[in-house]
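Take the sequences, apply the hints, and build the full model.
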Amino acid sequence: MDIYLYVPADTPVHRLDPRAKMAALLAVLLLAVAADHPLLPGALLGAVVLVAHAGRAWGALRRVRALILLIASFSTLTWSVFARGTTPLLGPVEVEALLFGVGTGLKLACTIAASVVFLATTSNEEITVGLIRLGLPYPVAFAFSTALRLVPTFVGAGATILEAQKSRGLDVESGGLIQRMRRHLPLVVPILAVAIRSTNQLALALESRGFRARPDRTYYLELRFRAADRVVTAVSLVLIVLALYLRLFTRALRIPGLLT
Amino acid sequence: MFPPDLRAGAPAPPQEKTAAVTVQDLAFAYRTGDGALVPALRGVNLEIFPGEVVAVLGPSGAGKSTLCYCLNGLIPHVIRGEWSGEVRVFGRSTRAARPAELAVDVGMVFQDFETQLFSTNVELEVAFGLENLATPPAEMRRRVAEALALVGLAGLGRREPATLSGGQKQRLAIAAVLAMRPRVLVLDEPTTDLDPRGREEIVQVLDRLRAQGRTMLVVEHETEQAVSADRVVVLEGGRVAASGPPAEILTDADGLEARGIQPLASAALLSRLGLPPALTVEDAVRVLREAGYRIDPDRYAALVRSDRARSADGDEVVAVDDVTFAYPRSGPAVRGVRLRIRRGECVAIVGHNGSGKTTLAKLLNGLLAPAAGDVRIRGRSTRGQSVLQLGRTVGYVFQNPDHQIFAETVYDEVAFGPRNQGLAEREVRARVDEALAAVGLSGREGEDPFAMTRGERQRVAVASVLATRPEVIILDEPTTGLDYREQRRMMDLVQRLNAAGHTIIMITHALWLVAAYAHRTVVMRDGALWMDGPTREVLAREAELTEAALRPPPIVRIGLALGAPLLSVDEAVAVLRRT
Chain A
6 MDIYLYVPAD TPVHRLDPRA KMAALLAVLL LAVAADHPLL PGALLGAVVL VAHAGRAWGA
66 LRRVRALILL IASFSTLTWS VFARGTTPLL GPVEVEALLF GVGTGLKLAC TIAASVVFLA
126 TTSNEEITVG LIRLGLPYPV AFAFSTALRL VPTFVGAGAT ILEAQKSRGL DVESGGLIQR
186 MRRHLPLVVP ILAVAIRSTN QLALALESRG FRARPDRTYY LELRFRAADR VVTAVSLVLI
246 VLALYLRLFT RALRIPGLLT
Chain B
125 MFPPDLRAGA PAPPQEKTAA VTVQDLAFAY RTGDGALVPA LRGVNLEIFP GEVVAVLGPS
185 GAGKSTLCYC LNGLIPHVIR GEWSGEVRVF GRSTRAARPA ELAVDVGMVF QDFETQLFST
245 NVELEVAFGL ENLATPPAEM RRRVAEALAL VGLAGLGRRE PATLSGGQKQ RLAIAAVLAM
305 RPRVLVLDEP TTDLDPRGRE EIVQVLDRLR AQGRTMLVVE HETEQAVSAD RVVVLEGGRV
365 AASGPPAEIL TDADGLEARG IQPLASAALL SRLGLPPALT VEDAVRVLRE AGYRIDPDRY
425 AALVRSDRAR SADGDEVVAV DDVTFAYPRS GPAVRGVRLR IRRGECVAIV GHNGSGKTTL
485 AKLLNGLLAP AAGDVRIRGR STRGQSVLQL GRTVGYVFQN PDHQIFAETV YDEVAFGPRN
545 QGLAEREVRA RVDEALAAVG LSGREGEDPF AMTRGERQRV AVASVLATRP EVIILDEPTT
605 GLDYREQRRM MDLVQRLNAA GHTIIMITHA LWLVAAYAHR TVVMRDGALW MDGPTREVLA
665 REAELTEAAL RPPPIVRIGL ALGAPLLSVD EAVAVLRRT
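One line per chain: the protein sequences are A and B, in this order.
Take 6 as the starting number for the first sequence in our numbering and just add one per residue.
Take 125 as the starting number for the second sequence in our numbering and just add one per residue.
It should be emphasised that the hints constitute simulated quantities derived from the structure, not laboratory data.
Be careful, since some hints might not be right.
[What the hints assert, rightly or not] Pair by pair, the computed Cβ-Cβ distance ranges are:
1. 161(A) - 496(B): 24 to 32 Å
2. 186(A) - 558(B): 27 to 35 Å
3. 623(B) - 205(A): 39 to 47 Å
[What the hints assert, rightly or not] Sample of chain B residues facing chain A (criterion: CB under 7 Å; computed from the structure):
4. 239
5. 562
6. 566
7. 569
8. 570
Just so you know, even glycine gets a beta-carbon here, dropped at the ideal spot from N, CA and C.
Spelled out as structure tokens, the structure:
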């Protein structure tokens, strides 16, 4: 089972330092929500698509394509109907509301796509080391990466448990809510038991491998902050400031005539 | 003191050397959640010398894992309980140092390969221990590469551990420990959870380490693998019951059997015939030939006749027609399989992991639906039938009982299936009583299944399927994780169920169990049916089995060397005759 989005490759995007990529991701996320007008998130989405192309992240994007389309079109539709503007267009929909709806849909699409491209081009361990270098305490970072490692193990155990109970006639799909929740007991109990046993074993294995044997430790992955990383980080910082300025101090790129 | 490679073939007398590990009067009792003490070790004395390979054998509950945990200080530092005695590693008491500090002296490999890997890629997994020791990155890179090469994983450094096979995961766990260059290596049942191919991989790695003169203590699940050790230690009831060279300990077939350890087929056969002992198949064959033993043709013919008598001629209950199945985003797991199973048959499905055995079994009870072809149970296609409906005819016992046990009492656990079928509580009670009687757990309805031994939990799982009275019972590796006695007990149960009219389909890696219990054997290879026939005929085709990465069990190989496949020591005793 492959639940990770990371696609190993050697591209300029992959080669960037995870800290630079985190800054860029933050800039995109903040910019996306800095304005209501679809122009900005639209342009950003275009940029994200270009980066995805450079980082060969198409496979990862394709895997979440349905999710992106669903969320984007759903929010476009609902906001077009429920937001209120001043220039009537068609039935209950006003021009401003439609713009706002499209803008919201693009914002969401942009946020998801940018995060996916980040995860597709940055491995778990790069993220972990990046976070440590940014000041995250090692035990916290370790817990984070171990959780990532255990996800496939627990997903696998969960799938087996579901099959075992279905074979004994468990039906989790029919009945009322309370009934259905009660029926999940035969799934939850074994999963918890497996998790507890695994955690105990894990603690033994950790001790045996010298975990925190001494106060200092070294890191196998060495990060190098190159010129390209400096440029990306600098640009990202400027964009982050710009995004905050747009959101907090101006009404640029808002939609005139939208009633809030 | 000589470096290991300069030592003569025979181990020097112990008193000349300083022991690497000294265990003195070691006793330990686990403290359970409610404060009760459960004794595991009751006074163990043991010394391991540099360069020595010690194999530890013993039934479940003998204290094997506990002993391992004592050697690197997990006991008493991490695991709670009551301890007395002394463990010294290169002179240092384990009481004075935490396991993390002892990691450079004692490396520990656990049975469960899933829970001893915590990194997101192979290289980092191996580097983890070195990072903890604050090894400089350049040195770390060298040692990671060296350790991966030693276990044959070079080139897989960037893979996620989750994508590796079981054998690869366990080799990775060994590499991760080796990278720290421990002076003693302790391995707790490293092959138990693996398929034959994975086992072979680990055996090769251990052979390589042995050739390097490493000091090792290996808890072995299979007696055969203790043959190449320098010394065998038998644990029983928390004490050392026997200790000595393999030629002395492993040739005592009756002694091992009495302690709940599977005796070697060669040793058991020779002792039954009153011949001098041998450890390997080759030696046993030589001894038999020299003593003038051969297979009596008349007696063998009688054996083959009785095979025919036990082959079932009932109605067809399972019909699989040209079935193909593929999981999303991967190649076909089962392709073009055609299989017929008649009422009353006892069929073993064998093959290494990934050969499609379990997928095939899940197609039979409707957990999976064929992409092409058709599966019919008692003449009706599984298409359009739910797992619940099919469950009335086909019961499925999953490999690990812990993947299904959830109830607070044995009764409720076993009653789960019948209740799901909507039976009245009075009928449910009758079914539970019947099922628990069949698995030998009558009178234990009120017990907490979580507190039972693995062998008992496995029997609860079987009972919970029996209670739905399925005509066909599928058992997925019913003996994994069980010791020799429990395995026998489980298979005797399966045999009784078969005799009572149930059709049995069992998936297993243990070919000696196949030889002893299955009438018919189906071999899967790369998703296709590779061989199918009476067990005696299938196990006789050594070359074809080798192509499927399987090997006939020792007793069959002894028989084949003498001219015909023999399925058990009893059979061999019955047909061998001195000329």
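Structure-based check of all given hints:
1. 161(A) - 496(B): 24 to 32 Å: holds (26 Å)
2. 186(A) - 558(B): 27 to 35 Å: holds (32 Å)
3. 623(B) - 205(A): 39 to 47 Å: holds (41 Å)
4. 239: holds (4 Å)
5. 562: Violated: closest Cβ of chain A sits about 17 Å from residue 562(B), beyond 7 Å.
6. 566: Given a least distance of 21 Å, the restraint on residue 566(B) is violated.
7. 569: At about 18 Å, which exceeds the 7 Å cut-off, the nearest Cβ of chain A leaves the hint on residue 569(B) violated.
8. 570: violated (18 Å)
Hints 5, 6, 7, 8 from the list above are not met by this structure, while the remaining hints are.
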